[in-house]
Amino acid sequence: MVNKPLTKNIDMSRPPLDIAAFEAADGYQSVKAIAAGLSPADVLQLVKDSGLKGRGGAGFPTGLKWSFVPQGDNAPKQKYFVVNADEMEPGTFKDRLLMEGDPHLLLEGMIVGSYTIQASVAYIFLRGEYKASENALKQAISEAYEKGYLGKNILGTGFNLDIILHTSAGRYICGEETALLNALEGKRANPRAKPPFPQVSGLWGKPTIVNNVETVCNLPGILTYGVDWYHGLTKGNDHGTKLFGISGRVKTPGCWELPLGITIREIIEEYGGGMRDGYELRAFLPGGGSTDFMLPEHLDLPFDYDEVAKVGSRLATGTMILLDDKTCPVGMIGNLMKFFAHESCGFCTPCRDGLPWVDEIFNEFESGRGTEKDLQILHEHVDYLGPGRTFCALAPGATAPLGSGLKIFAEDFERHIKEQRCPYKH
Amino acid sequence: MAKIVIDGIEYEVNPDNNLLQECLSQGLDLPYFCWHPCMGSVGACRQCAVKQYRDADDENGMLVMACMTPATDGSIISIADPQAKDMRERVIESLMISHPHDCPVCEEGGECHLQDMTLMSGHNYRRYDKKKVTHRNQYLGPFINHEMNRCITCYRCVRFYDDYAGGTDLAAQASHHHTYFGRHEEGVLESEFSGNLVEVCPTGVFTDKAFSEHYTRKWDLQTAPSVCTGCAVGCNTTPGERYGSLRRIVNRYNSEINGYFICDRGRFGFDYVNSEERIKIPLVKNGAEMEVVPAGELQPTIESFSGPGVIGIASPRASNESNFALRCLVGDENFYSGISDDEFESTQLILSLAKDTAFHSPSVREIEQADAVIVLGEDLTNVAPRIALALRQSVRNKAIELAKDCNIPTWQDAAVRELAQHDRSPLAILSSYATRLDDVASDTVIDGLEALAKIGSAIAAQISDKAPPANSAEESVGRIAEQLLNAKRPLVIAGSSSGSIALIQAAANIARALNEKRSSAIDLCLVVPEVNTVGMSMLVNANKTLGSALAKLQSGEVSKLIVLENDLYRRAAHKVVDAALDKADAVMVVDHMPTATTAKASCLLPSTTFSEHEATYVNYEGRAQLSFQVHRNHASAIPAWRWLSDQQHGDVDALINRCAEEAANFDKLDDLLPDLNQFVAGMKIPRQSHRYSGRTAMKANLNVHEPKQPVDDQSVMSFSMEGLPLSSDSPIVGSAWAPAWNSNQSISKFQEEINGDLKQGHTGELLIERNETGSYQELASNTGSANGGLQVAIAYQIFGSDELSAKSSTIQQRMTDAYVAISPADADALGLKQGDNVSLDGNGNIAVACIRSKIKQGTAALYCGDNEVDRYALGASVSLGKAADANLVRGIKGLIVSDLYEEGY
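Protein sequences appear in the order of chains A and B.
Counting with the numbering used here, you get residues 1 to 426 for the letters of the first sequence.
Counting with the numbering used here, you get residues 1001 to 1905 for the letters of the second sequence.
For the record, the hints were derived by calculation from the structure and aren't laboratory data.
Check the hints yourself; a few may be wrong.
DSS-like mimics (lysine-lysine), calculated; alpha carbons at most 27 Å apart, straight line [to be verified]:
#1 A:77 to B:1131
#2 A:407 to B:1085
#3 B:1466 to B:1488
#4 B:1355 to B:1488
#5 B:1684 to A:77
#6 A:338 to A:407
#7 A:206 to B:1488
#8 A:373 to B:1085
#9 A:418 to B:1131
#10 B:1131 to A:206
#11 A:194 to B:1085
#12 B:1132 to A:338
#13 A:206 to A:187
#14 A:206 to B:1854
#15 B:1552 to B:1517
#16 B:1488 to A:373
#17 B:1517 to B:1466
#18 A:187 to B:1398
#19 B:1466 to A:407
#20 A:77 to B:1488
#21 A:8 to A:32
#22 A:418 to B:1130
#23 A:418 to A:373
#24 A:326 to A:338
#25 B:1131 to A:425
#26 B:1544 to B:1355
#27 A:407 to A:326
#28 A:147 to A:8
#29 A:338 to B:1130
#30 B:1355 to A:194
#31 A:338 to B:1131
#32 B:1398 to A:425
#33 A:187 to B:1404
#34 A:194 to B:1398
#35 B:1131 to A:373
#36 B:1893 to B:1882
#37 B:1404 to A:194
#38 A:373 to B:1130
Fair warning: this is a prediction, and the values are worked out from it, not measured in the lab.
With the hints as constraints, model all of the structure from the sequences given.
Below you can see the structure in the form of structure tokens.
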């Protein structure tokens, strides 16, 4: 039985499967299942039953999200399905693997998603730097049109779908779904207020679903192999497999598809090969740059949404960044702050003007000029940039490593002030 | 109504609004930046944080932005909550990180919303000790200064300029704390409403450039409530004066008319008042020379202009009082129209339609409520700019309707715009050439005037079969008819500027057809060009045309003429005016600026300008408004009515009362006068602010003693700081100012509720009663003869077409030369290139060729510049030819139209 539905076709030593080979490997079976009589409501129920949660970071149940799209005669006829492929979270390179390695899987998932919400146009909003993904997707899209999986009256279902690949001009904020929609419309990539949610008023003001690449890639398997199979993939409370990645000083950094609920220790030791010789694990960000630090004491936790949340962090993208004992945690957080400050869209005050201040303070620490007053201001910004105070989740995301780091590495901050230098520099 | 609790006190609020708006409506102080009363909320600045509690048992609550939270029934919030206060203080601290703190040299200082909000939030100590971000500033044209370093990134400028006013050349650029608001490159801001940036910007990024050149603080300005004289809309303004010169004009809120915004003609078109060219002293002709006459010896000359044989010519730019005084002096029978005969005929038709019960003349606010509009032949952006801005809002009614269907609150501005995108309420524009509203129009029909009138008739016939039968091949006829018929509040706009009476008749027929189908009065907005065209026309008998006056002079039937504030050369063919004036024995001209007509005067009397006297004007709706005197004239100019009046020392109130009694349809005019019972102990309203400075020093070079303040025994206002202190229920408010609110945002303290009427109440008086029933009209046919040339349509420019503002040095920087707009095909046929000098009918009139891609072939749209073209010497058609180099200096490079033909230019 298939146990790695997302990556089973991926072999980075060769080009991705073409459509014939993909079909031979159970590809487009879900579209055929739809052609055989699955209604949009049936698919929605399957996805709800599967328990699939969004893999982009927030972990919101996918079926539930879809169910908010207004349907029926009074609802706007035009709807859109948008794939968020603007992968820019620090330390995250999982969607890239999927798109470069098996682009047809994404297209198949998009057909399923679009069919369910009855969207006749779907967009892939792709990070501009992902040139290899762009080429692979272009090739796959043209093959899919040729084979009749895209275009008018797909496999005789009467359902039409066009997929448009849009390469982004760049910016982290475009990963925020509403900023993505503005960018896709050719507007300034500022986030929009929610409510109204994109399901009601999204792209061009029409009902829109925005899903992450990995989320969408889960869909074909659920239809092809069934909900029970999907539930059987996991080791924990959440369903399905997940791409987990490690960057940092392990022996074999990388990205692997593993069951949700596997312990963090297993990922680091078995797949990452453990820490490199001479380095010890000090702490880690479990799911990219905007998650709270976790500690070695958490290594035996099952890696899923709820368990990680219990210790005050988030699974988010599931791609870990490891901090070792030879690297300055203040420098690491400062590096993240520089990123977030630079990537603020400039719309709301706390994020736009607060993050650069935080960044400036980290520069002072780095160069040995940090003061107690600076430290105090950093602490204040953890609250000031928190949820509810800013317009979107960018700044609260930045406070995750900042807030947890200030607590965990308090001693390191103090040493920077007392010694007027970075103690990790020799 | 909903009940909400704010800091333990229950308030009745409107649940359709957000919490910020309702807090402000209740008179509470809550700081904000990005929210604007008529642009709604976007949630950018995070300044209006309050604590909201789930229920009475919730002790923790959570921070919310008041502007983004609906005022739902049962809401419990706290403004005073320490966490909310701390958040508001932190936000100010953030905004101030890179702010230059240059208040002492900043034009905004003293009326700066950022200063006010900083104080209100409590932030007072700078902790940020890193490097500030700095920006480069741009040249934005003659109206606006740009100082980006002061920016707090509230996004109000682009929300007004782009979203509200339809501009395309100002944008938010770059991101994070480098976000920049400017043009893609330096250059003149194209929008006709750019001046509002000065008031929309909460700090000193966009400031009034003309004001900067003779700057003074708000508190040192002498102000009074005034009415703009730039066009017939009658926007309310607050002019400010210091040291005898008029310094600036800002918007004055009137809920029915201009609301929060005025156009750039109104804001920047005043400085002729300070001109050195002003007529300063009375002059009387002695032989060939004009001579100064000692004050005591003028009376006999003036008195010689009375009795039989004297006629008076009225003025559309003079007040009701001056026109009425002239009428009293010469008598009804000798009182003639001061506008061209064609325009007078159109205006008479407009006045008769104003009495028709089938129609309603909509205010600007009502125009904004229209959900289907047809404009026949009027280039509103250039003729009645504030109405054009209102139409930009009316097309958004579709968006508001969609938002309601999706349960999106209408104050959530960005969400409403994103939902509706380009889905707009219908706006059909029938014009001879592209207009500046085409970008929001659902249909634009470009054709000759006669053809447009026929299309209008066909629309009327489509709506009702009782309308005169008419057919048109134009494909949009059925669609436009249906849109008007299906609208909740359809609106038909036409006017006298197009020069086609048939278009007004067609408009009236459309509105009448709609009235028949809907049996409610239909909004019929008929626009006239000048501030008091309507008032003047109401005072002149219908047969008293300017042409007949000039004919009488030329025939010698009458020999003496009084011209009131009017340049007759703008109203009739120059030859005809010359002949009449040369024949007259004596010509008295009362005016404040020299014109071709004042050059012909045998007696020239200096009059005061709009800001130097109290006066009433009647706008396009028939709404009379009172404009107060702001400052004194230091030369010997007096109000024109005073020169013409037999009671030279009477006051204007007495004249207004007499006009109300004697002039037909003016009976409500005296309702405009302030109710003296409102004045405590006879105290007057001070024109100077409570902080007016330097009174003891202003004239210290002349006299070390403080001069006595001049006494104004003519008005309820005084030329001093003393009098009734300004409060929210003061009977008259010149400059809005409230405790802790020094900027124009303080207007909220004077409103009954946000966006409501002022507590002072007065929005003007609608003079004309509707008590007649009319009928469909047969369209007037074109009387002009076709001589093989191009059909003439008259074009207007916001900067240049209005006589007085065109004398303002600020406006002059934006003016073009007279031009004649033609299609590329006609240009080809005539061998004309963009910018060529063109002679009109070969009679010495020169204009610049302006080749436009959206103009009816066979039409020549003639813009006369500042009366540089003798337009009444031309017929209904004109032949064009390339002219040798002429003495034109401005060219048409500054012309802002969407369809300038680029090729070969």
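Review point. Broken hints, numbered, in rising order?
Key: 1, 5, 10, 14, 15, 16, 19, 30 and 32
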